[in-house]
Amino acid sequence: MLLKLAWKNVWRNRLRSGIMVAAMVFGLLGVILMVGFVKAMADNMLENAIKYQTAHLQVHNPDFLVNEDLEAWLPNADAVAADIRGIPGVEGVTVRHVVDGMLASAASTRGVRINGIITADEAVVTYLKESIVEGEILPVKGRNPILVSRRSADKLNLRLKSKVVLTFSDLNGEVSGAAFRVCGFFSTPSTGFDESNVFVRRADLTGYTGLDQFHEIAIRLEDGDAVDVFKHRLATAAGDKGVVQDWGEIQPVLAAMKGTMAISNAIIIGVFVTALGFGIINIMLMSVFERTREFAMLMAVGMTGGKVLKLVVMESLMLGGVGSVLGLGASILMIAITGTVGLPFGRMAEGMGAFGLDAVLYPEVAATTYLGTLAVLLVTSVLAALYPARQILKKRLSEALQEKH
Amino acid sequence: MTPEFTARLAWRNIWRQKRRTLISAGAIAAALLLALVMRSMQEGSYAQNLDNATRFYSGYLQLQEPGFAENQSIDHLLPGNQTFYEKIKSIRGVTIAVPRLESFALGAAGIRSKGVMVMGVAPRAEDDYSGLAARVRKGRYFIDEDEKAVLVGGKLAEYFSLKVGDEFVLYGQGYHGTTAAGLYRVAGIIHFPNQQIDARIVYLPLKTAQALYQTGNQVSAWVLHGNAVKEIPKLETSAREQMGNNVNVRNWADISPELAQQIALDRASGIFMILVLYGVVGFGLFATIVMMTLERRREFAVMLATGMARKKLQVLVMLESLFLALTGVIMGLVLAFPILIWFYYHPIKITGDLAATFEEMGFEAILPFSLAPELFVGQMFIVLILLVLCSMYPLVRIYKLELAGALKGNL
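Same order as they appear, the protein sequences are chains P and S.
The numbers in the first sequence follow the numbering used here, run straight up by one, and end at 595.
The numbers in the second sequence follow the numbering used here, run straight up by one, and end at 1669.
Just chain P, same shape as in the assembly (with noise of 0.2 Å):
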């Protein structure tokens, strides 16, 4: 009777509590997709970080964390990598020799780390095969084949087939260099990656330091939630010989800015769920208001004060829930509809690529974050009704009988 009653009430005015749910969906759906694009560039960023450069976990020497060194070597690298490569749950294993040096063309210079690695590994553990834009992966064949990036490519005037001269300290502290020719570009979403990395092929390299020793396990796990297990594993396997790092450790920037966004996406669903908080309180006041004589009389007639409230309560919980499941509906379709388009960054592309972002989103939004936002929401309703409902309650039953409108 009391729900009945309260349906109807929120409809007698329609245009007001049209204008009210109208509010509720435009803010939700600005709300949303707002939360969804910063969700989005967060997982964008974590996955392309770990997909091109950290993948799941990394085995070090401990010195080569301090210092990347060349004499800080991980003993037996091949042979732990092939236990690794055993383990159920592991996707794939690379092992890398790792140097820093120069990278140099007929136009120019930069400071370069230069990795050899075995290509067939890597293709399994990130995604560099993916990442070529021109040219072909290293080829097991042909004299000292190197992959730059499109990014360094440009800056030093190369083309597929240029030469170029690596420069980097040997074991025994000589600068020494080799010529390599370019055998393909890649492009990854991080611009600092890619202006600051090269790869040969592993053997070349090892023969120019004079060190058949190597520096770097990336592993790639096949399910991306069980690294914590997987680390705490290795690590008890590794003892003191090896160190042991998850991509959010070997990127702590990355992991902090992920617990950031979801503090600013509360932080956003909080302060719309404020504002429309107070549309819904404005709105019950008016309508409250100007039955006080309405409601004097129920109350003469024997309705009794908590009954009221009650109806108040419910009104004000209709309108927010009708608002609110609509805007969320909608909400939903706009997220499935630029989920599955993307929302293009064109101009904005390469500030992106800074953050090692692709240059399309695809906003998405956790289930839980609707349901949450729904909750928020009906609680506000419930609470803005209180001080509408109260106003009345206080009132002197005669004077409100008389009050005309």
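By construction, these hints were calculated from the structure, which means they are not laboratory data.
Note that the coordinates shown come from a computational prediction; the quantities given were computed from them, not determined experimentally.
Keep in mind that a hint or two might mislead.
Under the rule of at most 35 Å between Cα atoms (straight-line distance), these lysine-lysine pairs were calculated in the DSBU-like manner [unchecked claim]:
| hint | chain 1 | residue 1 | chain 2 | residue 2 |
| --- | --- | --- | --- | --- |
| 1 | P | K198 | P | K241 |
| 2 | P | K584 | P | K497 |
| 3 | P | K345 | S | K1347 |
| 4 | S | K1347 | P | K448 |
| 5 | S | K1396 | P | K194 |
| 6 | P | K585 | P | K194 |
| 7 | P | K448 | S | K1413 |
| 8 | P | K584 | S | K1276 |
| 9 | S | K1276 | P | K500 |
| 10 | P | K229 | P | K194 |
| 11 | P | K431 | S | K1396 |
Rough simulated footprint, nothing fancy, chain S against chain P, three-plus residues with beta-carbon under 8 Å [said to hold, decoys possible]:
| hint | segment |
| --- | --- |
| 12 | 250-260 |
| 13 | 475-486 |
For each residue, glycine too, the CB sits at the ideal point set by N, CA and C.
We have chain P already, so just place chain S on it with the hints.
Just chain S now, kept in the frame of chain P:
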């Protein structure tokens, strides 16, 4: 009815429903407050970061040899002499101009080597401009214009285990295919918040760098500074006119596009959020104005019937909406001003993990506020647009009001 009387009537009308007016105005005030604080913080930190970031690298503008932008080759250089400097100083709006010779080399110490970024700077002029001496953490700054000494970034020094006084070798490609090689003493260790730079940067006195690369008295760039970030476009135009076609004028956004686009992205998302918020508040304002119209249909009809012109009545309700919005705006400004002014003089210092994130990105870990008048004008403009949109409804209703029906109280 005199205009004063209409205004007084409008003012009294909005206070007939005190609570409703206060809540609607309060919503506008809250939105304005939030928008101002957020935008002020955004613009403040952009200006701060730009001034900071541009000083030690891009400058407001750089003058370069036209071929340098393409590959930063040591072969594309500009004159570094006094005549050229005088010509630059005569560009209108230029306050500072410092020469730099930027290139790459392989740095080596002990048995380690690493590709480094070499920056030849005029010791005194550079310190006056970018405060380089203040970044020295250990050792000292350059004393002589041509001493064979280097300043190295902290992370780089860590990599080479360098101490002040140690020897450091630079080896690379010099002017027109010559070999550049030199042995230097570490005069000092400097610190840059941006770790990528800290791990790669080596400073040399300009003359020493010119000797290393055998360039003679030439530089890779003249870095220009002006009075304010917002005057950069003007500065750019006059620099182009003055320097002619043989000099490439590049602004900071061209040299560091990532920084420019990060700012654009951040600004766009801030503005988007504020517009949505104003949208929500606007619906609230609309609901109030609609109610103010609907519940007074009979009153309006009586006023029209007793001889008031429709136009006058429309002016009256316009004024009511205007007063309502103004009340909100004034409440918002009264709340926002003390906050903004306080933070303008006492910028928020960020601590903990977030501070590390900031420094990693090359920004100082403070959040300065801006008091630029454009910010305030922009927000007022948005409120004004909301107001105009919202008052369309009552204007049309009054225009269409049917006297006979309204007098009888039909809704």
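Evaluation of the provided hints:
1. A threshold of 35 Å between alpha carbons decides the hint, and for K198/P with K241/P the separation of about 56 Å lies outside it, so the pair is violated.
2. Proximity of K584/P to K497/P is assessed by CA-CA distance (about 14 Å); at most 35 Å being required, the pair is judged to hold.
3. As the CA atoms of K345/P and K1347/S are separated by approximately 31 Å, the hinted pair is consistent with the 35 Å bound.
4. Our distance criterion of 35 Å between C-alpha atoms is broken by K1347/S and K448/P, whose separation comes to about 47 Å.
5. The hinted pair formed by K1396/S and K194/P fails the criterion: a straight-line CA distance of about 79 Å is larger than 35 Å.
6. The hinted pair formed by K585/P and K194/P meets the criterion: a straight-line CA distance of about 26 Å does not exceed 35 Å.
7. Between the alpha carbons of K448/P and K1413/S the distance comes to roughly 26 Å, so the proposed pair stays at or under 35 Å and holds.
8. Of the supplied pair hints, the one linking K584/P and K1276/S holds, its CA atoms being roughly 17 Å apart against a limit of 35 Å.
9. Between the alpha carbons of K1276/S and K500/P the distance comes to roughly 25 Å, so the proposed pair stays at or under 35 Å and holds.
10. The suggested pairing of K229/P with K194/P is violated, with an alpha-carbon distance near 40 Å, which exceeds 35 Å.
11. A threshold of 35 Å between alpha carbons decides the hint, and for K431/P with K1396/S the separation of about 34 Å falls inside it, so the pair holds.
12. Restraint check on the segment 250-260 of chain P versus chain S: 4 residues with Cβ-Cβ distances below 8 Å, three needed, restraint holds.
13. Here the segment 475-486 of chain P counts 4 residues with a CB under 8 Å from a CB of chain S, which clears the bar of 3, and the coverage holds.
In the structure shown, a violation is registered for the earlier hints numbered 1, 4, 5 and 10, in ascending order.
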